[in-house]
Every structure is written in C-alpha cells, then in structure tokens.
Amino acid sequence: MPGSPYLDEPPKGLLTWPALLRLSVPTFAALALASWWMGYLLEFFILLTITGLVVLVVRQ
Numbered sequence: 001m002p003g004s005p006y007l008d009e010p011p012k013g014l015l016t017w018p019a020l021l022r023l024s025v026p027t028f029a030a031l032a033l034a035s036w037w038m039g040y041l042l043e044f045f046i047l048l049t050i051t052g053l054v055v056l057v058v059r060q
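Heads up: the sequence shown begins at 1 in our numbering, then just goes up one per residue.
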C-alpha cells in the first residue's frame, strides 16, 4: 500500500476502514430495512442518534 506505515501488509487482526465498512454497512442496511418493514423506522433512528451521542460523550 503506498503511503502505508506497514512494510507489506497490515498486521493480522487489525480492523481497517474497508473491513469495518464491509461489516457495518450491510448490518446497518439490514437493521434499517427490518425496522422500516416493521414500522419502527423512527424508533430506529432515535436509538441510532442516542447511541451516537453516548459514543460522542464517552470518547471525549
């Protein structure tokens, strides 16, 4: 990888952005689709907002 701090490849077990997106985007999409299907889309977005705010406060 050009510009990478690693010589050849990232170490095993390191969570990089591409791997994180491959895990989180399908999960988020499936949960959003299921909540829309069941009629809980507003509650899903409220829970997502509260979770994001908690993560923001904890990481500060």
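Everything labelled a hint here was simulated from the structure, so no lab data went into it. Just so you know, these numbers come straight off a predicted model, no measurement behind them. Any given hint could turn out to be false.
Claimed, not checked - Pairwise CB distance ranges, derived in the manner of DEER restraints:
(1) Pro26 - Ile46: 17 to 27 Å
(2) Pro11 - Trp37: 34 to 44 Å
(3) Lys12 - Arg59: 38 to 48 Å
(4) Asp8 - Val54: 15 to 25 Å
(5) Gly13 - Arg59: 17 to 27 Å
(6) Asp8 - Leu42: 39 to 49 Å
(7) Leu31 - Arg59: 40 to 50 Å
(8) Leu21 - Arg59: 36 to 46 Å
All C-beta atoms in this analysis are idealised placements derived from N, C-alpha and C, irrespective of residue type, glycine included.
Evaluated hints:
Evaluation of the 17 to 27 Å hint for Pro26 and Ile46 yields a pass: the beta carbon distance comes to about 22 Å. At about 40 Å, the beta-carbon gap between Pro11 and Trp37 stays in the expected band of 34 to 44 Å. For the hinted restraint 38 to 48 Å between Lys12 and Arg59, the CB-CB distance of approximately 26 Å leaves it violated. The hinted window of 15 to 25 Å between Asp8 and Val54 is violated, with their beta carbons roughly 38 Å apart.
Evaluation of the 17 to 27 Å hint for Gly13 and Arg59 yields a pass: the beta carbon distance comes to about 22 Å. A hinted range of 39 to 49 Å for the beta carbons of Asp8 and Leu42 is consistent with their spacing of about 48 Å. Remark: the range hint 40 to 50 Å for Leu31 to Arg59 is contradicted by a beta-carbon distance near 22 Å. Checked against the given bound of 36 to 46 Å, the beta carbons of Leu21 and Arg59, roughly 19 Å apart, lie outside it.
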